[in-house]
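Trainee: Let the hints inform the model, and build the full structure from the sequences given.
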Amino acid sequence: MTDATATAAVPLHTVLSALADPVRLEMVRRLHREQRPLACAELYDGVTKATASHHFKVLREAGLTRRDDLGATARQLLLVDEVNAAYPGLLDSVLGAAEREATSREAPATA
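Numbers 1 to 111, taken from full-length UniProt numbering, label the letters of the sequence shown in order.
Some clues are possibly wrong.
[Unchecked claim] Pair ranges (Cβ atoms, derived):
id : residue 1 : residue 2 : range
1  : D69       : A97       : 26 to 34 angstroms
2  : G96       : G71       : 31 to 39 angstroms
3  : A9        : G89       : 13 to 21 angstroms
4  : D69       : T103      : 27 to 35 angstroms
5  : E61       : P108      : 18 to 26 angstroms
6  : T51       : P11       : 20 to 28 angstroms
Honestly, the hints are just simulated from the structure, not real lab data. Keep in mind the model is a prediction, meaning the values are calculated, not measured. Glycine included, each C-beta is placed from N, C-alpha and C at the ideal position.
Mentor: Below, the structure written as structure tokens:
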């Protein structure tokens, strides 16, 4: 089964549930922003390695990411084309909203 076939077979509620968690959404946002595979440690802050591993598993099972082992380093890859083929516009909508939310949190308050 190809990544595209696997993603298309995942029910929408599974994909949305995976993206609903703030930690996983931030992982996907970072992957999307960089547009390249990233080392696992580059994708999370403030959670244990075991918790991050769980989140990576949920994202893989939802058809959103794939793990590539390059030597001793595991990298996560966002399956943009596959997700867009299965659910057109979903990533752009969700990640656009996540970017706007992150930007508003990072903006300094003005009096």
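Trainee: Would you mind marking each hint as holding or not holding in the structure?
Mentor: Hints versus structure:
| no. | hint | in the structure |
| --- | --- | --- |
| 1 | D69 <-> A97: 26 to 34 angstroms | holds (32 angstroms) |
| 2 | G96 <-> G71: 31 to 39 angstroms | holds (35 angstroms) |
| 3 | A9 <-> G89: 13 to 21 angstroms | holds (19 angstroms) |
| 4 | D69 <-> T103: 27 to 35 angstroms | holds (34 angstroms) |
| 5 | E61 <-> P108: 18 to 26 angstroms | violated (39 angstroms) |
| 6 | T51 <-> P11: 20 to 28 angstroms | holds (24 angstroms) |
Of the hints listed earlier, the one the structure fails to meet is number 5.
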